[in-house]
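Same order as they appear, the protein sequences are chains E and B.
Quick note: the first sequence uses the numbering used here, first residue 1, plus one each step.
Quick note: the second sequence uses the numbering used here, first residue 1, plus one each step.
Calculated directly from the structure, the hints in this document are not laboratory data.
Ideal Cβ positions, reconstructed from N, Cα and C, are used throughout, including at glycine.
Any given hint could be a false lead.
Said to hold, decoys possible - 30 Å max Cα-Cα, derived DSS-like pairs, lysine-lysine:
| id | chain 1 | residue 1 | chain 2 | residue 2 |
| --- | --- | --- | --- | --- |
| 1 | E | Lys26 | B | Lys109 |
| 2 | E | Lys96 | B | Lys3 |
| 3 | B | Lys38 | E | Lys13 |
| 4 | B | Lys38 | B | Lys109 |
| 5 | E | Lys96 | B | Lys109 |
| 6 | B | Lys38 | E | Lys96 |
| 7 | E | Lys13 | B | Lys109 |
| 8 | B | Lys16 | E | Lys96 |
Claimed, not checked - What follows is a set of in silico ranges between Cβ atoms, one per label pair, in the way DEER data are often shown:
| id | chain 1 | residue 1 | chain 2 | residue 2 | range |
| --- | --- | --- | --- | --- | --- |
| 9 | B | Thr9 | E | Pro8 | 28 to 36 Å |
| 10 | E | Glu53 | B | Val84 | 41 to 49 Å |
| 11 | B | Asn67 | E | Ser27 | 28 to 36 Å |
| 12 | B | Leu48 | E | Glu51 | 26 to 34 Å |
| 13 | E | Glu53 | B | Asp29 | 17 to 25 Å |
| 14 | B | Ser12 | E | Thr9 | 27 to 35 Å |
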Amino acid sequence: DAGVTQSPTHLIKTRGQQVTLRCSPKSGHDTVSWYQQALGQGPQFIFQYYEEEERQRGNFPDRFSGHQFPNYSSELNVNALLLGDSALYLCASSLKGFPRETFGSGTRLTVV
Amino acid sequence: AQKVTQAQTEISVVEKEDVTLDCVYETRDTTYYLFWYKQPPSGELVFLIRRNSFDEQNEISGRYSWNFQKSTSSFNFTITASQVVDSAVYFCALSENSGGGADGLTFGKGTHLIIQP
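Turn these sequences into a full structure, and let the hints steer you where they fit.
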């Protein structure tokens with residue numbers, strides 16, 4: 001039974017570019033959340049998707065957007081990349097009504 | 001707004017010692033969930049435990065135990081007879097319940113635990 005899978009594992013982008021990160025939730029899960037983890041910090045909640053709608057959003061600018069597909073997979077898009085967007089981006093999935101998120105291994109984004 | 005504080009940035013102990021990781025939280029909700037996650041160098045967050053706000057029973061799982069005290073808004077984690085494999089960053093997290101299911105997690109800054117052989 002596959003857990004949460006994220007792609008790519010590593011990515012290097014130039015300031016000002018746009019990036020798309022992908023996440024496949026654990027089998028049976030219908031809710032996907034995204035987190036940003038800067039070096040030496042705890043993860044920060046970006047947003048959560050359920051039934052293809054953004055259900056909740058953390059304190060992140062509109063440059064961060066997402067999407068959930070009918071098969072529950074999800075994408076995180078970041079526009080106009082800044083050096084400060086360099087971080088580990090973690091995807092987590094859960095089943096609505098059962099508060100326990102399973103995390104993927106993350107995508108390490110470096111903005112140069 | 002919710003907040004989680006892990007005051008211990010780094011703890012270093014010798015193998016077989018007991019160690020306690022502190023976690024203090026703030027929330028205005030009466031229904032919430034508390035979690036501990038372990039993050040090894042690989043980066044993946046590994047779930048350790050979840051408690052809901054209505055269940056203050058302490059829990060023991062092997063060498064791990066958790067002490068939940070609503071009166072002091074604390075949810076501390078103790079490892080008994082620590083082992084080198086316990087070395088990792090440990091995060092305490094809080095999730096409120098906004099009526100549609102559990103909300104996104106609010107994490108503390110983490111405690112880097114180093115177990116020396």
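Status of each hint after checking the structure:
Proximity of lysine 26 of chain E to lysine 109 of chain B is assessed by CA-CA distance (about 26 Å); at most 30 Å being required, the pair is judged to hold. Between lysine 96 of chain E and lysine 3 of chain B the alpha-carbon distance is near 23 Å, which keeps this suggested pair within the 30 Å criterion. Taking the CA atoms of lysine 38 of chain B and lysine 13 of chain E, the gap is about 29 Å. The hint holds against a cut of 30 Å. Distance check on the hinted pair: lysine 38 of chain B and lysine 109 of chain B sit about 12 Å apart at the alpha-carbon level, within 30 Å; holds.
Taken as a hint, the lysine 96 of chain E and lysine 109 of chain B pair is honoured in the structure, with Cα atoms around 26 Å apart against an allowance of 30 Å. A threshold of 30 Å between alpha carbons decides the hint, and for lysine 38 of chain B with lysine 96 of chain E the separation of about 23 Å falls inside it, so the pair holds. For the given pair, lysine 13 of chain E sits about 26 Å from lysine 109 of chain B by alpha-carbon distance, which is consistent with the 30 Å threshold. Restraint check for lysine 16 of chain B and lysine 96 of chain E: not satisfied, since their Cα atoms lie roughly 40 Å apart, outside the 30 Å limit.
The given range of 28 to 36 Å is respected by threonine 9 of chain B and proline 8 of chain E, whose C-beta atoms sit roughly 31 Å from each other. Between glutamate 53 of chain E and valine 84 of chain B the CB atoms are about 45 Å apart, so this pair conforms to the stated range of 41 to 49 Å. Between asparagine 67 of chain B and serine 27 of chain E the CB atoms are about 34 Å apart, so this pair conforms to the stated range of 28 to 36 Å. One distance hint, 26 to 34 Å for the beta-carbon pair leucine 48 of chain B and glutamate 51 of chain E, holds here, with the actual separation near 29 Å.
Taken as a hint, the range 17 to 25 Å holds for the pair glutamate 53 of chain E and aspartate 29 of chain B, whose Cβ atoms sit roughly 22 Å apart. Judged by the Cβ atoms, the range 27 to 35 Å given for serine 12 of chain B and threonine 9 of chain E holds: they are separated by roughly 30 Å.
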